[in-house]
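Undergrad: Whenever a hint applies, use it, and build me the whole structure from the sequences.
Protein chains in written order, with the working numbering: chain A, 25 to 293; chain B, 634 to 810.
Treat the hints loosely; a few may be bogus.
[Said to hold, decoys possible] Partial list, computed: chain A residues near chain B (C-beta under 7 Å):
| id | residue |
| --- | --- |
| 1 | 45 |
| 2 | 47 |
| 3 | 67 |
| 4 | 100 |
| 5 | 103 |
| 6 | 185 |
| 7 | 192 |
| 8 | 237 |
| 9 | 240 |
Don't read these hints as lab results, they were simulated from the structure. No experiment lies behind these values; they were computed from the predicted model shown. Ideal Cβ placement from N, Cα and C applies to all residues, glycine included.
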Amino acid sequence: MKTQYSRRNVLTRLGGAIAGLLTLSTARAVKAAVQKVFVSSGAPKDYDTTKHKWLMCIDVNRCIGCGLCVEACKKENSVPEGPYFRTWIERYIIPKPEPGSGQTRGETLVDSPNGGMHGFPPSPVPKDQIEHSFFVPKLCNLCEHSPCVQVCPVGATFDAPDGAVLIDPKYCIGCGFCIQACPYGCRFLSPVTHTAEKCTLCYHRITRGLKPACAEICPTQARIFGDLKNAGPDDPIRKFYENNRVSVLKPHLGTEPRVLYAGLDKEVR
Amino acid sequence: MNQPPGGRTPFRAAEETGRTPIQPFYSMRRFKMPPQIVRLVLLTLAIVGSYFVARAFLTPASFGEFGWYRGEALVELRSRTPVYAGKQACDECHSDQLQKLAKFEHKTLSCEACHGVSREHAENPDILPVKLTGSHCIRCHEANPSRPKWFKQIVVKDHYSGKCTECHVPHQPSQSP
Numbered sequence: 025m026k027t028q029y030s031r032r033n034v035l036t037r038l039g040g041a042i043a044g045l046l047t048l049s050t051a052r053a054v055k056a057a058v059q060k061v062f063v064s065s066g067a068p069k070d071y072d073t074t075k076h077k078w079l080m081c082i083d084v085n086r087c088i089g090c091g092l093c094v095e096a097c098k099k100e101n102s103v104p105e106g107p108y109f110r111t112w113i114e115r116y117i118i119p120k121p122e123p124g125s126g127q128t129r130g131e132t133l134v135d136s137p138n139g140g141m142h143g144f145p146p147s148p149v150p151k152d153q154i155e156h157s158f159f160v161p162k163l164c165n166l167c168e169h170s171p172c173v174q175v176c177p178v179g180a181t182f183d184a185p186d187g188a189v190l191i192d193p194k195y196c197i198g199c200g201f202c203i204q205a206c207p208y209g210c211r212f213l214s215p216v217t218h219t220a221e222k223c224t225l226c227y228h229r230i231t232r233g234l235k236p237a238c239a240e241i242c243p244t245q246a247r248i249f250g251d252l253k254n255a256g257p258d259d260p261i262r263k264f265y266e267n268n269r270v271s272v273l274k275p276h277l278g279t280e281p282r283v284l285y286a287g288l289d290k291e292v293r
Numbered sequence: 634m635n636q637p638p639g640g641r642t643p644f645r646a647a648e649e650t651g652r653t654p655i656q657p658f659y660s661m662r663r664f665k666m667p668p669q670i671v672r673l674v675l676l677t678l679a680i681v682g683s684y685f686v687a688r689a690f691l692t693p694a695s696f697g698e699f700g701w702y703r704g705e706a707l708v709e710l711r712s713r714t715p716v717y718a719g720k721q722a723c724d725e726c727h728s729d730q731l732q733k734l735a736k737f738e739h740k741t742l743s744c745e746a747c748h749g750v751s752r753e754h755a756e757n758p759d760i761l762p763v764k765l766t767g768s769h770c771i772r773c774h775e776a777n778p779s780r781p782k783w784f785k786q787i788v789v790k791d792h793y794s795g796k797c798t799e800c801h802v803p804h805q806p807s808q809s810p
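TA: Next up, the structure:
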């Protein structure tokens, strides 16, 4: 049998196909809307993304390097075993200068054994030769102008209106551009899902009115978590601002992080 | 007069019909779109149209709700259940312990910093949190030159022998039992 290709024939079929596609996509949209109303995803309903602006303040002078935050982060977010961290602690050891060397300080040592998760071994530099030593907790810097978001080719990583920088795990293709782009090294490619992963500020906790796991578990309040849009005069973040002069990591990059540090040294990058 | 090959010039045609000669390039009174242009326009419209149809079909409904991403991802990310219960969760049943803790040096500590993840216990008190042996004290209090000076540290092997809880009440560390 021979198919007749008349112009009218082809055009009607084409029109039919387009109409079919349009109906299908409308049907999908309707289905999604109905699901949203009737199926509960377990997500808190009364959370409005536009009414918050989260930030984290870190007081380096208060960190005792116990590593509970790293452990809590791993447990809370099922971060894969091994050298994968959404938050970690670095130990800085700045020795005294050698006499007569003409320098202000010795060569800085930085280490982070297993992200500091199980604490730190004794210092490799004897105590009397240390000029300064301190711990610096690190996490996603919540940039106002995030380099990682700019490079994502598929719109999988984004700045949420509440200031969290998040990854859509369903959309991430695992290309790794964002890992290259992050100047703070806060992202990694998960060996389990093969997608990029990073600190979400414990998005499932903060939207329920809880603190992120690291800030919750910190025994010395070295990590202060707050909401800029709802900070009263007695809020811990206001106190933090009043009591400290704050700085950010790598300010010359113009990323304008919303993770503020107090008590940083120039060696910390 | 030499005739151009292949036909007459428009000037000659005008002469023959007796009308004013028309400059063919500058005045087009009866413009007719050449058919190849019509097809080109239709084809372009069809391609652009099918792009929009395909886009409407392929992009998720919530894409672009807040920006260049899937708005639904925000809901999915917050639908996970928390692991750590948080200090407030313990208040419901252990408010006495919370008040005790708040009066002493360990006031900034979260219950779960020592007792470990206790959400299951908070939801069902029959599942008890893991028993503490006291080794967790060292994690924070072992002396280390990198720790800040204000923080009270001990060199564990020089600091009395015996379990920490024999001499320190964990919730009131400066008190002895």
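Undergrad: Among all the numbered hints in the text so far, which are the ones the structure does not match?
TA: Violated hints (numbers, rising): 2 and 5; every other hint is consistent with the structure.
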